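A.B. asks: Here's the letter readout for the chains.
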Amino acid sequence: MRVLLAEDDPLLGDGLRSALRQQGFVVDWVRDGAAAEHEIATQAYEAVVLDLGLPMRDGMDVLRTVRAQENPIPVLVLTARDAVPDRILGLETGADDYVIKPVDMYELGARLRALVRRTHGKTSDTLQLRQLVLTPSTREVRLENQAVVLSTREFDLLHTLMLNAGRVLSREQLEQSLYSWGQEVESNTIEFHIHKLRRKLRPEMIVTVRGVGYTMPRDDGVP
Amino acid sequence: MAWERLRSLQGRLIALLLTVVTGLWLAAAALTWVDARRELGELLDSHLAQAAALLVAQQVREIDEDALADAPNLFRYATHVAFQVWNGDQLMLHSANAPHTPLSQRERGFETRTIDGVQWRIFAAHGGAQNLQVYVGERIEARDDILATISRNLLVPLTLVLPLLALGTWWAVRAATHPLRRLSALLVARSPSALGPLPVENAPSEMEPLLAALNGLFERVANLLEAERRFTADAAHELRTPIAAIRIQAQVALGSAQKEERTGALRATIAGCDRASHLVDQLLQLARLENASVPPGTVDLATLARDCIAALSPAALARTQAVELVAPPQCVVAADGALLGILIRNLGDNAIRYGGAGARICFTVADGVQPELRVEDSGPGLLPAERARLGERFFRVLGSEETGSGLGWSIVRRIARVHELTIEVGESARLGGLAVCVRWPARKQA
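Going down the list, the protein sequences come from chains A and B. Residue numbers are given in my numbering: position 100 of the first sequence equals residue 100, and the series is strictly consecutive. Residue numbers are given in my numbering: position 82 of the second sequence equals residue 82, and the series is strictly consecutive.
Bear in mind the hints are in silico, worked out from the structure with no lab data behind them. Accuracy of the hints is not assured; some may be wrong.
Which chain B residues face chain A? A few, computed with CB under 10 Å, are given here [to be verified]:
1) 199
2) 203
3) 204
4) 232
5) 235
6) 244
7) 246
8) 250
9) 251
10) 255
11) 257
12) 259
These stretches of chain B come out as covered by chain A in the derived footprint (C-beta under 8 Å, 3 or more residues) [claimed, not checked]:
13) 324–330
14) 427–441
From a predicted model like this one, the values you see are computed outputs, not experimental measurements. By construction, the Cβ of each residue, glycine as well, lies at the ideal position given by its N, Cα and C atoms.
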């Protein structure tokens, strides 16, 4: 799950990035408001962790711009401004969650997953497709109640496909959700991971739409 | 004055107006009364004289030797007047209410006297050849009655009008003070957080200064509150961020499976602790300075600057910066050595932090009537707007990579204030970056 982290403090930003990575997030880190705005507009993120006291452009301004562009991306505001009017303003401006520093890294991860889950219309943490069950918080996958051991990339790929079950995702979209900037992605990486996933699960669970991408059909069989 | 004790303006106005109107009315009544009394006296006296003259003229022609006649009372007013006609010692004619002794001893002219307890105004006239003596008298009481009627006619309307006037005044004053009441209602209805200006347009001109003063007050309070709010928000940010960093880094270290990541996170935790303790130190320094007074004493600025720069040099060298000091061998100034040391270190620290890698930093100590300490650098400097905000607690230049708290300048300003030093921030003509000049007040003896 790829998220954008906008935090100007070097120590905290570094800590947050490591903390989110440990929980399986793919993290891009920007240190000012203008960069945050640019990244949100041009990249595909599942969620944004936004500090309010950003240089160049205040976090609230970034949030306003994002919402003015009718971008529905989930935004979690992480800030030291704990006054109630600030919180209200943050939520009314378009924040989906408002977290006061300091924050527990696991709570932050859970909140982010909850935000992403809700944007996909899911109510519980667990994703289920027929006999396949995926739990993002514990990074567990079970097929017919048997644990399936997946690598980090395989898990992330499956997570993305299951979140978007019924939709066809292009190879570029899958790459974007799996890698942060600067990471070298070889041209056949996605095919390779899909191949391994099919072997560990069942081949028919992941359908190739030739020339477009991949999809996992929903229960009703409609892709 | 009694009216000054009245708390209500309306009450004051009504009381004052009624007092003035009543006073004027009473004065007018008194004047009228005095004037009426004089006029009435003259008029009635002339009537008495005329009546006497008539009696004399009549009796001279119609002296009837044998009859003492009682003239009838012809009018209700007749009981108030009396007359006697004497021919020598003989009373020839008199009114029913006249006594049988002469009304007066005078032969002619006016007299006021008391007969049987009643005051009379008497006119005496003498009838020439026949030795005819005529007295015409009028009770003083009658005159007083007329005067009383006149006075009553003056005062009764007053007593009738006064309540009406009070009512009218009350209404007028109420109407006139309506803007005042509207203002107070507006103020009462305001929420404590509403600090916007009150509407001045359409306000009576007398209220404009009051409104302007109130609006000025509101503005100052709003600015103060805003500064306070910003301070709290900034303080929260500055205090919580290192703590948040420490917590996250510690958790990362705990949850990390790789030794490398764990070590990095633990190092970062320590760095966060250092930053938090630096911040706490600065806050404590500021708190101590809040009530600080300078112990009287002197210090050698040149030596102190040299020591401080020596302590700062490693940090500057780590950034490949060149630090130099230009100072006379000695420059004794009035200051507390410890506080002045903090000031110099903070200025130097700022120059090093924000001067950028490879910058030149130059300290200059100049002795003279007004000793001064200058710190210049070849860094990017500051925009005028940013210079103005230096010393606001927690103000940091945006986009700066440095993790300063923005408290250093507050400390510098506070120390300068307790020493009565002036601080000028500008652009360095020599190095192109920021120039800070700390100047002592002129020495007392040259």
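A.B. asks: What hint numbers does the structure not satisfy?
C.D. replies: 1, 2, 3, 12, 13 and 14
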